[in-house]
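Visitor: Respectively, the protein sequence lines represent chains A and B. Quick note on the numbering used here: the first sequence kicks off at 1 and runs consecutively. Quick note on the numbering used here: the second sequence kicks off at 1 and runs consecutively.
Careful: at least some of the hints might be erroneous.
[To be verified] DSBU-like cross-link-like pairs, simulated, lysine-lysine; straight-line CA separation at most 35 Å:
id, chain 1, residue 1, chain 2, residue 2
1, B, K72, A, K326
2, B, K72, A, K338
3, B, K72, A, K385
4, A, K331, B, K72
5, A, K331, B, K42
6, A, K374, B, K8
7, A, K414, B, K8
8, A, K371, B, K8
Hint data in this document are derived by calculation from the structure and do not stem from the laboratory.
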Amino acid sequence: MRYLDLDIKTINEKLKNKEIKPIDLVNEAFDRIEKTNLNCFITLNKEEAIKKAKELEGKEVDNILFGLPIAIKDNILTKDLRTTAASHILDDFIPIYDATVITKIKEKNMIIIGKTNMDEFAMGSTGETSYFGNTLNPIDNSLVPGGSSSGSAACVAAGITPLSLGTDTGGSIRQPSSFCGLVGLKPTYGRVSRYGVIAFASSLDQVGPITRSVYENALLLNVISGHDKNDLTSSLKEVKDYTSLIGKDITNLKIAVPNYYMSEVIDKTVREKIINVINLLKEKGCTVDYVDINYLEYAIPLYQVIALGEASSNLARYDGIRYGLKVDNFKNIDELYKNTRTIGFGNEVKRRIMIGSYILSGENANVYYYKALKLRKEMTDSFKKVLNKYDLIIGPTNTDVAYKLGTKQDDALKSFYDDLLTIPVNMAGLPALSLPVGYKNNLPVGMHIIGNYFEEDKIYQLASFIENTLKGGK
Amino acid sequence: MISEEKVKHIADLAKLNVSDSEMGKYQQQLTDILTEIDKILKVDITNDEIMISPSDNRNMYSEDVIESHISKADALKNAKRVKGDYIVVPKVIE
Numbered sequence: 001m002r003y004l005d006l007d008i009k010t011i012n013e014k015l016k017n018k019e020i021k022p023i024d025l026v027n028e029a030f031d032r033i034e035k036t037n038l039n040c041f042i043t044l045n046k047e048e049a050i051k052k053a054k055e056l057e058g059k060e061v062d063n064i065l066f067g068l069p070i071a072i073k074d075n076i077l078t079k080d081l082r083t084t085a086a087s088h089i090l091d092d093f094i095p096i097y098d099a100t101v102i103t104k105i106k107e108k109n110m111i112i113i114g115k116t117n118m119d120e121f122a123m124g125s126t127g128e129t130s131y132f133g134n135t136l137n138p139i140d141n142s143l144v145p146g147g148s149s150s151g152s153a154a155c156v157a158a159g160i161t162p163l164s165l166g167t168d169t170g171g172s173i174r175q176p177s178s179f180c181g182l183v184g185l186k187p188t189y190g191r192v193s194r195y196g197v198i199a200f201a202s203s204l205d206q207v208g209p210i211t212r213s214v215y216e217n218a219l220l221l222n223v224i225s226g227h228d229k230n231d232l233t234s235s236l237k238e239v240k241d242y243t244s245l246i247g248k249d250i251t252n253l254k255i256a257v258p259n260y261y262m263s264e265v266i267d268k269t270v271r272e273k274i275i276n277v278i279n280l281l282k283e284k285g286c287t288v289d290y291v292d293i294n295y296l297e298y299a300i301p302l303y304q305v306i307a308l309g310e311a312s313s314n315l316a317r318y319d320g321i322r323y324g325l326k327v328d329n330f331k332n333i334d335e336l337y338k339n340t341r342t343i344g345f346g347n348e349v350k351r352r353i354m355i356g357s358y359i360l361s362g363e364n365a366n367v368y369y370y371k372a373l374k375l376r377k378e379m380t381d382s383f384k385k386v387l388n389k390y391d392l393i394i395g396p397t398n399t400d401v402a403y404k405l406g407t408k409q410d411d412a413l414k415s416f417y418d419d420l421l422t423i424p425v426n427m428a429g430l431p432a433l434s435l436p437v438g439y440k441n442n443l444p445v446g447m448h449i450i451g452n453y454f455e456e457d458k459i460y461q462l463a464s465f466i467e468n469t470l471k472g473g474k
Numbered sequence: 001m002i003s004e005e006k007v008k009h010i011a012d013l014a015k016l017n018v019s020d021s022e023m024g025k026y027q028q029q030l031t032d033i034l035t036e037i038d039k040i041l042k043v044d045i046t047n048d049e050i051m052i053s054p055s056d057n058r059n060m061y062s063e064d065v066i067e068s069h070i071s072k073a074d075a076l077k078n079a080k081r082v083k084g085d086y087i088v089v090p091k092v093i094e
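Chain B with its partners taken away, still in its complex shape (with noise of 0.2 Å):
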């Protein structure tokens, strides 16, 4: 099973708190999942090419016009703090 320094490490990079009482069942769940995951590990594929997407699409190019999409008032609707045209964030720079 991964130790509680594992979890917290991967709460921590998906931003994440984790409560000591929650611990445990977050050890056993994702030890679940990345055992199941090291499956694939083991396929032996000798092919070097990737798929990322299943689209076929290359370079879709687009006009260059100017088209209104969003505006500042619809934009800045769904925030929870708002000053004028910004939304309030808490203090980022020393």
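Isolated chain A, as found in the complex (with noise of 0.2 Å):
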């Protein structure tokens, strides 16, 4: 028997009463690794997971997550371990600090077994833009497993860790949870720290947890949660127990259904699976409308002008001086800078900072960017319209399930069309869980469940719902 595919409660209870050791999972997550090939990570941390899971032996268990391990995302950035974002320009960068989730997350006593592989800088939707090659979907090698937190899913699907952590900035917790068959939540704006973590849009950055589970999901949130100092972007707002809804009478819930998230551009199958739950939670009582939300056609445009133009400025300070990459070919300061990041950065990394430096300079940021900020305060204005009448949104998480490896790699729009349906909750900043709900030929599908700002514990209390009555039948 293999104790890391038990649920966490179990485990938890056998590391309690000494049945097992934390290097018993630790032995587990490694053995798995070797023998599944998927490229889940970038750098392993074996030989220290080893030594902090034989420490933890003298240590008693005091939560839920002792000695549990972990893998987390290689944007995340890890004291004396390697975090490369998966690009060539940092691939020898080791940080000097612990961003502040890992800190919170080594204060458990959680055991870190790696740093997962990615699409650079988080910029992709297949981990197929990493400098250190593509990463396989578990339930179909031939299948991406969606991006941009490509390894952090894969290896969770693929039973190697019980959770990791990813990072979204336009749907990339969501999307890969979604093609991999697991949880994943996106975060409210603010309620977890981006300290540490390397900057892509930093208006719509959020660091969030991928799980098997959904209660699972909710105890890895409580562990991120919270203010810091170091980030003033995140809020003060008091953390809640984000489990405590879990089990909960869902019947009082009024629910909404944007009729863009269930409109043509969607795949029909995908369509129906929504529309089972829908009609289930009908069944059950809940209030089920749909809805209009304006602007939500713009999303893609709109990410475009926003996440571009931040990004560009986030990797500015890719100049080959500081840390990173440095080339030898140069004459003066100017072709420092350009030979290094020529060479460092991938292609849907040049494209987009090249698109966000030209749309920012000049009389372009009155024109594209002023304009940007004012319909993302519309979209915003009439997401919080709905979420006054209503306790949560829900539609599909993507417009399909996953796709085949390869796929049109020379569009450069593709990328930002699989993010149709989950951009436009970072740019309003609201939290957003996807949760497997059927398949279609065999592929998981994802449902999106978007709930108010810090009602992280509503949206659970769904999830959960939804979870226990979908068990047993697809």
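Using the hints, put the two chains back together into the complex; each one sits in its own frame.
Guide: Given below as structure tokens:
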């Protein structure tokens, strides 16, 4: 028997009554990494993980996540453990401090197994833009695992670790969770500290948990949430126990379904799976209404302006001087910058920072960026209006299920369109979760549950009901 | 499609080189994205309010106390050329 295949509660009991030790879990994790070959990891932390597991043998099992192996997306800084953001420009970068989320999971004595593969600088939706090669989907190795948190999703789906951390700027936790049949949450903007997270688009980025079940997702959110004086956008709002509404009656919940999320752009089978759930909720007595949210059809160009503008500014720091790659062929400082960046960044990243630099340059900033900020406000207000009347918003996470590796790699718009339904949530800063609700040709279909600001507990309440009700049937 | 000159200008803004062999690809791909972006210019919005960040934090103050943060040795650890307490860079003044 493999202990890591058990649920976290059971593993915790076995650790408490000394039936197993943390080292058994660590050995199982590395054993499976060797057997699977999914290219989930960029850097393994084997020596340190074994050392930590041995250290924990003398300690009391004082919390439910104690001694559990966890995988960390490689854009989250880990002190003395290489962190690359899957880019050539950072391929020898050794962080000198831990991100706040890492400090928090270390405080709970979780064990970091390694740093997971991802799209370069989290820019992509397939894992294929990684400098370290693409990650395989454990369900079918010919398919993309989704992205950009590709390795974080693949490693949980493959049973290597029960939990992982990802980041989500336009769907990078929810889309791979959906493609790998997992539960993934992007928290409210500001719920989780971004300190020590390699910035892509600072007003959209959030760190969040990827897990096998809703309850286990809430457990990890409990740990990583909270205000941080090192991230001035982190919220002062009190951290709740995000498991507290799980199992509570959902009959009185009012749920909205945006018409756009069920329109012709979404695959028919995917829509059918969502309708199944809607019927289930209606039977249970929930109010479910179709609503309009304005400007959703502009989510992609809006994202291109906001996210790429912020990215071009954030990635200006990679200059070949203070850290990261530095080329030797230059005659002056300008050539040092340009030659380093040209070799150091991959195509997707170059394209995106070029667009970002251009739309923020000179008069363009007024034309494009300012207009985007107005549109962002309008779209957010439209979400707020709906959430004043309803508890939650549901729909599909993605337009379709996982597709073949190598599909439309030269299409500059493809990776954006994969995030059609997830991007608006980042724009508004709302929390949202993806949950598997069925299959299309044996591939998981993800349902999107969007909540009001800081109401992750309510998202988990509904998600857990659906998870339990669908258990047994596909 | 945008011109080669415009691609070169955009690459220059981002501090990147574009080789002759990649020029055609970038002309096409940047045109595709910029065409997509142009869609937001057509949206009619009467409201003048903007949203820069979802965070509603205002003026976060911290106590004026000296704390140690990053040591000099750590700060220089990832630089490729270091001399004493300095990072060596190419000459920038004539």
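Visitor: Against the structure, test the hints numbered earlier, and report the numbers of the ones violated in rising order.
Guide: Hints 3 and 5 contradicted; others consistent.
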